[in-house]
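Chains as they are written, first to last, in our numbering: chain A, 11 to 702; chain B, -15 to 104.
Honestly, I wouldn't trust all of these hints.
As the list claims (entries may be wrong) - Partial selection, computed: residues in chain B whose CB lies under 8 Å from chain A:
hint	residue
1	D(-7)
2	A(-5)
3	S(-4)
4	Q(-1)
5	F3
6	P40
7	K58
8	F59
9	L62
10	T67
11	G81
12	T83
13	G84
14	F90
15	K101
Bear in mind the hints are in silico, worked out from the structure with no lab data behind them.
Computed from a predicted structure; not experimentally measured.
Backbone N, C-alpha and C define an ideal beta-carbon position, used for all residues, glycine too.
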Amino acid sequence: MSIDMAQFHQVFFEESFEGLDIMESGLLNLSPGEPDSEAINSIFRAAHSIKGGSGTFGFTEISDFTHVMETLMDEMRDGRRQITQAAVNLLLGSVDCLREMLFAVKEGQAIDAERVAEHKHALDLEQQKSGSSQQDKSLSAHEPLSNQAHQSDSKVIGWHIAFSPHTDLLKTGNDPVRMFRELSVLGELEVTADFRGVPDFYQLDPEECHLSWNLVLKGDIDRAPIDEAFAWVEDDCDLAIQPLYQADDLSLLVPGAENQVSANRAQHPAAEHVVQAGVSKPAEISTPVVIKEKAPGDEAKNKGSTSIRVDTSKIDTLINMVGELVITQSMLSLIGEHFDMSKQDQLKNGLAQLERHTRELQESVMNIRMMPINSVFSRFSRLVHDLSNKLGKKIDLKLIGEHTEVDKTVVELISDPLVHLVRNSLDHGIEMPDERVAVGKPETGTVTLEAYHRGGNIVIEVSDDGKGLDKDRLRAKAIEKGLLDEDAILTDKQTFELIFMPGFSTAEQLTDISGRGVGMDVVRRNIQALGGNIEIISELGKGSTISIHLPLTLAILDGQSIAVGDETYIVPLGSIIESLHIKEERINRVADKGETFLLRSEYLPIIRMHEIFKVPNVKTTKLSEGLLVVVEGQGVRCGLFVDDLLGQQQVVIKSLEANYRRIEGVSGATILGDGSVALILDIPGLVRLANQ
Amino acid sequence: MASILAVDDSASMRQMVSFTLKGAGYDVVEAVDGSDALNKAKARKFDCVVTDVNMPNKDGITLIRDLRALPNYKFVPLLLLTTESGMDKKQQGKEAGATGWIVKPFNPDQLLKTISKVLG
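This is chain A alone, in the form it adopts within the complex (with noise of 0.2 Å):
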């Protein structure tokens, strides 16, 4: 029979990754000297699983490892191991370890057996200092005891049992009879019982075993498979079980506990019975197995396809959605059928219907992506231990609104700038413990990641109550780069920003946890291709908090529609502030540097949308007469002059670069309800066209 195992290797994955994470935040959670017996207990059942499932499924290297890891965890569950700091660290190593070996099994590389060797050696050695003497009594008590009574020169032709069960051994759920057929199976066997100690009948228990049995199993038969069938009642009954050699007298091999038995026997020869062997065939015990062959189709192993875990809530949720669309759709069909002017209202309350089904399909099947942003803030305890250890810092992280969800895509594209990000806060930000004494705060820092949800948007804080960021020293260093004119005067949030600048760093040296040659500008970069940006307050000597705010989802936008002649361009909702008239005398014109005009005493650039994107046939190029929609992009204000407001939608977004290439100003496209397409305007881009 065969079974494909690698049809669970995926939920094997799934399982092993997850069970990692928990043995890193029980590790992380452990404090050296005071075992706490639950934390210990899960992250040894993590290991345990991990162990159990790689054996079974064939990836014995990952088994052996965490073998040696679970065997040390054991110990500390027992107490008879202290739980150190450093065996901590130790275990920690190796579930990274462990996980880059998942990973490669499961991407199909070779494992780096050199580094697991390292780890193991490691592993091994901390296990030999806890001066642990007991060996391994499990394995030495099982040697297996056969051959010890083999004489050398006759032949084996079979085995003499003497089995005599604890009175109790039916309550476990052992039958002997079952132990007999499987024996049957392995040869000519006779049974015969011993009725003896079967009590008076009224003194009778029937849930207790008071027979004994002599059985003769003859045939060429291994020792083992004896062994096996006995495996289970060993403690619950008397066993003796003595090789049969050629023309050996059966009563003479009879030892020990067994004599007495066959004394006995003489004695009561009519107590005896003999059951004939072949009660059961094997062929007949034997269970006819039959595995359906996997189909075909299962045979394209989707290398790289990721899955993902959905609360069965929210399946339901689809699925309730779904019958309801069903409904309205057989009702618009009835109301179709035989349509007149008087069905008129049934039929626009259809669509209406329709509409608002077709809406809440859509909301749920979004929030499947979505996923709680806990998976990436839980890999940060773990940066921030070591960090802190490496860098002499005591550190505090505080998880706030970690179970905000967020689409999955974010949560994979988000982690590499929040490490970034919170790199920073620890290196950079918080100070020495000294150093946050002597200016009166607590010695340990506290760095806090949160995350919450404003509007359509999500936003995640990095924070800290560090030193903060010194302007004066940003602004000489941003000149001393050559990236600021020295009399040029910056808002304070203007100042700050110029850390987003490229080849802007502020740290003395490069130290190999942050500056890694990465600057924040790339982080920048990579939070405005996932459609956010990026924002950073901070007071000198309080701390910092770096703000990122991105859009819910990658893949539905609310959008504005605007007309400009004949095009149709989407506005996200979310950047647009007001859309107005304005009046001649509040535009002002700057030679060379465009157009301004006055809103409540701010100037605002205008950009003419019929001469970026170069559009003919425009209603007006007159600005009184066209309107203004104003709109707001990484802080930057500005009016689009735009023909008119079509209305608002959500839009699918596609890409423009998946088929087309990027264009400057243009997030992506889309295909509107008459079936033309509509460019998605990026704010901030539309800013530096305009600007070019």
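Mind docking chain B on chain A? Use the hints.
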């Protein structure tokens, strides 16, 4: 066909056990931990229970002890899925009333062989 309750907190192991046994024609019900299993075992009678040892919400040993205390499960085969290193677990399991054990790692054939052994 005989009914089997398969208990394991690891989804992959549970699926593997369940798939193998279903393929052999057994009626299999899955449970994700000891207390889930106990509830399911009370709701109907299974002909055999196969359980993992290390689980949250009631481990396999406690599950076996609880099951044995139920009149319906007095003589039902209760098997532990355990690792070679867990000799003391086997002992604890026996004391709790386990019929026997299947040593991890095992392959589907070994599992079926053992199950057919206890279910006849």
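Discussion item. Given Q(-1)(B) as an interface hint, is its Cβ closer than 8 Å to any Cβ of chain A?
Written reply: holds (6 Å)
Discussion item. Checking hints one by one. Is G84(B) an interface residue toward chain A, by the C-beta closer than 8 Å rule?
Written reply: holds (3 Å)
Worksheet item: Against chain A, with CB atoms and a cut of 8 Å, does the hint on L62(B) hold up?
Response: Nearest chain A Cβ about 6 Å off; hint holds.
Worksheet entry | Interface restraint verdict for T83(B) against chain A (beta-carbon cut-off 8 Å) | holds (4 Å)
Item to complete: Would you settle whether the hint for S(-4)(B) is holds or violated, based on the nearest Cβ-Cβ distance to chain A being less than 8 Å?
Response: With a closest approach of 4 Å, the S(-4)(B) hint holds.
Worksheet entry | Hint status (Cβ of K58(B) to nearest Cβ of chain A, threshold 8 Å) | Because about 7 Å separates K58(B) from the closest Cβ in chain A, which is inside the 8 Å limit, the hint holds.
Discussion item. Next item in the hint list is K101(B). Is there a CB on chain A closer than 8 Å to its CB?
Written reply: holds (6 Å)
Worksheet item: Is the hint on F59(B) kept, meaning its closest Cβ partner in chain A is under 8 Å away?
Response: holds (6 Å)
Item to complete: May I ask you to test the interface hint for D(-7)(B) with respect to chain A, counting a Cβ-Cβ separation under 8 Å as satisfied?
Response: Holds - the Cβ of D(-7)(B) comes within 8 Å of chain A, reaching about 7 Å at its closest.
Worksheet entry | Proposed interface contact between F3(B) and chain A, which counts if any beta carbon pair is under 8 Å | holds (7 Å)
Worksheet item: Would the stated hint for P40(B) survive a check requiring a Cβ distance to chain A of less than 8 Å?
Response: The hint holds - P40(B) has a Cβ within 8 Å of chain A, the shortest such distance being about 7 Å.
Discussion item. Just to be careful: measuring from the Cβ of A(-5)(B) to every Cβ in chain A, is the smallest value less than 8 Å?
Written reply: A(-5)(B) check passes; min Cβ-Cβ to chain A is 5 Å, inside 8 Å.
Checked against the numbered hints above, the structure breaks none of them.
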